[in-house]
Amino acid sequence: MFNKIKKFLLMPALIVGMLVFASYAHAEDSLATNIADMTSSINTIWVLVAAFLVFFMQAGFALVETGFTRAKNSVNIIMKNAMDFCFGSIAFYFIGYALMFGADKAGLIGTTGFMLSAAESTSSWHYTFWLFQCVFAATAATIVSGAMAERTRFSSYLVYSVLISAFLYPISGHWIWGTGGWLATAGFVDFAGSTAVHSVGGWVALMGAMMLGPRIGKYGKDGSSRVIAGHNIPMAALGVFILWFGWFGFNPGSTLSGMDLSIAHIAVTTNLSAAAGAISAMCFVWLKFGKPDLSMTMNGALAGLVGITAGCANVSPLSAIIIGTIAGILVVMSVEFIDKTLKIDDPVGAVSVHAVCGSFGTIAVGLFAQEGYGSGVKGLFFGGGLTQLITQIKGVVAVGAWAMVGGIIIFTILKKTIGLRVSAEEEIKGLDIEEHGMEAYAGFQVFMTE
Amino acid sequence: MKLIIALIQPHKLPDVKEALLEANIGKMTITNALGCGQQQGYTETYRGVIEEVHLLKKVRIEIAVNDDYVKPTLDAIIKGARTDNIGDGKIFVLDLVDCIRIRTGETGSDAIG
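Protein sequences appear in the order of chains S and H.
Read left to right, the first sequence gives residues 1 to 450 (this note's numbering).
Read left to right, the second sequence gives residues 1001 to 1113 (this note's numbering).
Note that these hints are calculated values from the structure, not bench results.
Hints are not guaranteed to be accurate.
Listed below are the simulated DSS-like cross-link pairs for lysine-lysine, each with C-alpha atoms no more than 30 Å apart in a straight line [as the list claims (entries may be wrong)]:
(1) S:Lys218 x H:Lys1002
(2) H:Lys1090 x S:Lys221
(3) H:Lys1090 x S:Lys343
(4) S:Lys394 x S:Lys105
(5) H:Lys1079 x H:Lys1027
(6) H:Lys1017 x S:Lys221
(7) S:Lys340 x H:Lys1090
(8) S:Lys343 x S:Lys288
(9) S:Lys218 x H:Lys1012
(10) S:Lys221 x H:Lys1012
(11) S:Lys105 x H:Lys1012
This structure is a prediction, so every number in the text was calculated from the model and none was measured.
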């Protein structure tokens, strides 16, 4: 009897024990899968949120460029900013993404993954990565619109925006960020794209503005530079705030991982550099011209942001302040140099902010990079010698040359075929009426005097 | 003394200003105006709907001059504004009864200066 009961009790105990053991083993197994799932979820969500923030920078660019130009060209500027994103997205889907991140050929170009064919399922990382890279490509494209404002033929601009997003930006981007790209292999550091994004846009912008020539009335008969004031400075300032906000996606998002806790450090360096850039630009303008000029101060904030973009992960917060300070002064000097010495008409200062400060920021990595931050490379000031600095300079020069030659080719073809510039009459009347048949401020009296 | 009122195309204002300065005429008042003469309106499109704009944007220039400056002023305005197209504008010349400079109380030709 007792034995029977014992057996009776033993059986369930055994079964329970086995179940407990089995479920324990199962739990350990699923814990690992859970963590892996969680990690990819966190990464996907973080990079997507960052991509959404970078997308919002399109709004920032649109407002900055509209505010810094005249009322009669507002519709045209907004259309350019909206449509370069749209055409750019499609071009990046069909061609650009593959050239940038496809399987490498000779370190120069990617060759696979056209039309997102690399994405094997709907949960593929490629979708997240594509969106993040697409908004970056659009940023490079839209930089150019400001420098070419108020005089470019709209249809011509659309063709340009397809070409930069499909070929120009992705190829130099592959050198820097593509697996096997020759600059990536050489150890070139451009964390979030001072060179890959901003200076590419900036150098193409320089070529565009140069080939278009100055707006009518920009230079007097004696060659002196004249003011063509922007029509809405509060709008431009709002645009700068939006860009600054978007940059918190641009730089910290470039970790491509929400598990990488350096995102906070990157956000801090980004912010400090922008603040320092605005302060130094303001002080420099104040000393030089006697008044703290708002538009230059705003350009200074953008200069600080562009300047820190390459090194945001690799430098200390104090170095970020120094980089921003230098960028702020550099942008003011560059705006003056391009306007008064080169006599190239860049209405919003896009070349100074993006090309000049982007190049400076990339070179600054070779000076200020510090062990213990980011990938751990060391710059000249922190015991790394000249090696990193030389690599940085090499990258800046190579990408600059590529962007400028590419820009010249694109704009020369456009000039010979569609025509790059609108007629003088249309330019004076305003591109809104002539290109788009509508006004930005219907019902308001806008002085159409110059 | 005459008061010269000219209505011109807005986009010709820089040219007119330049021609006036060349003729050594530097005093003027400029206002935005809406109006139409013989020129027909132009069309705008808004969200696919065509809108006939009847009143056109014009710029109104007022210049008070002494008699010896009437001809140079008219010539300069015509030189700057003329394109030989309908819509180039019109110039009115009015007799001016008096002119007073508020700061000094000067009157007549002296006040026009």
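Each hint, compared with the structure:
1. Taken as a hint, the Lys218 of chain S and Lys1002 of chain H pair is broken in the structure, with Cα atoms around 35 Å apart against an allowance of 30 Å.
2. For the given pair, Lys1090 of chain H sits about 29 Å from Lys221 of chain S by alpha-carbon distance, which is consistent with the 30 Å threshold.
3. At most 30 Å may separate the alpha-carbon atoms for a hinted pair to count; Lys1090 of chain H and Lys343 of chain S exceed this at roughly 38 Å.
4. Distance hint between Lys394 of chain S and Lys105 of chain S is fulfilled; the C-alpha atoms sit about 20 Å from each other, no more than 30 Å.
5. Pair hint Lys1079 of chain H plus Lys1027 of chain H holds up; C-alpha atoms about 18 Å apart against a cutoff of 30 Å.
6. A C-alpha spacing of about 15 Å is found between Lys1017 of chain H and Lys221 of chain S, which places the hinted pair at or below 30 Å, so the restraint holds.
7. In summary, the hint linking Lys340 of chain S to Lys1090 of chain H is not supported, as the alpha carbons are separated by about 39 Å, beyond the 30 Å threshold.
8. A threshold of 30 Å between alpha carbons decides the hint, and for Lys343 of chain S with Lys288 of chain S the separation of about 20 Å falls inside it, so the pair holds.
9. With a CA separation close to 16 Å, the supplied pair Lys218 of chain S and Lys1012 of chain H stays within the 30 Å bound.
10. A distance of roughly 18 Å separates the Cα atoms of Lys221 of chain S and Lys1012 of chain H; the hinted pair therefore holds under the 30 Å criterion.
11. A distance of roughly 57 Å separates the Cα atoms of Lys105 of chain S and Lys1012 of chain H; the hinted pair therefore is violated under the 30 Å criterion.
This entry does not satisfy hints 1, 3, 7 and 11, going by the numbered hints stated previously.
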